[in-house]
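Undergrad: Residue-level listing of the chains:
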Amino acid sequence: MKEYDTIIIGGGAAGLTAALYTGRKKLKTLIVSIDLGGQTLLTDNIENYPGVDSSPGPELMAKFQSQATKFGAEVIMGEANAIKKIGKTFEVNLSNGEKYSGKTIIVASGKTARKIGAPGEDKFMGRGVSTCATCDAAFFKDKEVVVVGGGNSAFEAAELLTKFAKKIYLVHRNDKFRADEITVEKVKKLKQVEVIPFSQLKEIKGDKFVDGVSIENIESKKIKEVKANGIFIEIGYELKTDWLKSLVKRNDKNEIVIDDRCNTSQKGIFAAGDVSTVPYKQTVISAGEGAKAGLEAYKYINGAEAAIDWK
Amino acid sequence: MVENLTAETFREKVFDYKNEKEWKYRGELPCIIDFYADWCGPCKMVSPILDELSEEYTGKIKIYKINTETEKELASVFQIMSIPTILFIALGKDPQGVRGALPKSEFEKKIKEWLL
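Residue numbers (numbering that gives the first Met the number 0), protein chains in the order written: chain X, 0 to 310; chain H, 0 to 115.
Hints listed in this document are in silico derivations from the structure and should not be mistaken for laboratory results.
Take the hints with a grain of salt, since some may be wrong.
As the list claims (entries may be wrong) - Taking lysine to aspartate or glutamate and the DMTMM-like style, the derived pairs with C-alpha atoms no more than 25 Å apart in a straight line are:
#, chain 1, residue 1, chain 2, residue 2
1, X, K165, X, D206
2, X, K165, H, E68
3, X, K175, X, D251
4, X, K223, X, E158
5, H, K43, X, E155
6, H, K108, X, E78
7, H, K103, X, E73
8, H, K12, H, E55
9, H, K108, X, D34
10, H, K20, X, D206
11, X, K142, H, D37
12, H, K111, H, D93
Please read these numbers as outputs of a predicted model, since none were measured by experiment.
Whole structure, please, built from the sequences with the hints as guidance.
TA: Here it is in structure tokens:
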């Protein structure tokens with residue numbers, strides 16, 4: 000089994016910055032992640048990252064990535080699904096069966112787009128089901144589509160889709176929308192948009208591609224069959240930390256509880272960024288937290304008196 | 000160098016979908032095709048990686064890009080509904096597609112496993 004000083008789970012702003020710091024401290028570093036760039040990838044234009052006047056999120060994250068790997072961090076695309084404590088080290092298992100050993104772990108896995116859990120959702124992902132309206136809206140020209148959700152991202156997706164699709168059904172579990180009032184009012188007035196409140200998707204149907212959905216009224220349980228080729232899922236994010244629950248303490252939002260130095264309840268495991276209890280889910284905050292976690296990992300390995308200039 | 004394909008150059012260099020029913024790759028080197036659009040954030044992650052790979056694998060593989068906004072016919076031939084979609088085309092095999100952005104290390108892995 001390949002051994003590392005630190006294994007970083009997650010490749011967003013927190014994970015990549017942690018890798019930059021551990022790399023510069025000459026720690027043998029591995030990043031395990033399902034993507035590189037995290038939530039910032041989905042930002043069209045980031046204007047509140049200091050020193051960067053304005054940049055598309057993916058371009059900024061490409062710089063984070065090249066800076067992290069420049070100082071030696073290795074990257075493996077994959078999903079970590081278990082960590083075992085073996086003596087003083089940790090064994091990280093990936094869903095593809097690979098295993099890696101780390102003296103320290105930095106969990107920076109962020110948030111995950113929430114799924115609706117309806118049959119057909121996974122089968123048709125990329126074949127009509129989309130979680131990125133800005134990427135995929137244009138492929139639904141003159142088609143009928145369904146947007147699921149009641150927050151800003153759902154309403155913004157519906158508004159964007161009016162430029163392409165001929166009909167947009169906006170399905171939400173109740174009639175209270177978290178989106179800003181101004182956006183809700185604007186979208187409700189658009190002719191192509193039909194809001195279907197108190198409802199949820201029961202099934203996404205099709206052969207090779209999506210051709211319809213069953214929409215269930217939550218109160219009456221009545222099913223409405225709708226013809227649609229695109230399903231845009233915009234129901235926010237969740238924290239997937241259940242796989243770590245036996246190792247680290249979490250709060251009621253499933254965030255990993257950390258102190259002001261990114262220590263979790265388990266010595267040797269650190270957490271940084273959106274996955275942790277640190278407030279304000281922002282790229283700049285995640286980067287700072289990643290740096291702290293990286294330095295703390297270095298200190299953990301080299302002892303409390305490790306020479307960090309700026310203690 | 001990464002080359003942008005139009006429907007016409009695609010038929011000449013990759014696959015003549017108007018006259019061939021079965022998949023028949025026309026190139027002499029394996030290739031990668033990136034279906035993208037200028038508005039798509041994750042596509043912008045992929046673009047500089049492909050530029051680097053095209054330099055590093057000169058003479059071994061070809062790298063093409065297709066702008067789905069201007070080449071709607073090609074996007075519909077391949078039934079692209081999500082971008083970026085990346086096709087890996089090996090010699091004598093059916094193309095394999097990957098949806099979503101990949102980091103450079105994954106591209107290198109797939110080039111070794113699927114193309115070379």
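Undergrad: Each hint should be assessed against the structure and marked as holding or not.
TA: Going down the list of hints, with the structure as the test:
1. K165(X) to D206(X): holds (22 Å)
2. K165(X) to E68(H): holds (18 Å)
3. K175(X) to D251(X): Holds - the C-alpha atoms of D251(X) and K175(X) are around 24 Å apart, at most 25 Å.
4. K223(X) to E158(X): holds (23 Å)
5. K43(H) to E155(X): The given pair, whose Cα atoms are some 21 Å apart, holds under the 25 Å limit.
6. K108(H) to E78(X): holds (17 Å)
7. K103(H) to E73(X): holds (11 Å)
8. K12(H) to E55(H): holds (21 Å)
9. K108(H) to D34(X): Answer holds: K108(H) to D34(X) is near 15 Å, not above 25 Å.
10. K20(H) to D206(X): holds (21 Å)
11. K142(X) to D37(H): holds (22 Å)
12. K111(H) to D93(H): OK: K111(H) and D93(H) at ~16 Å, within 25 Å.
Comparing the model with each earlier hint shows no violations; every hint is respected.
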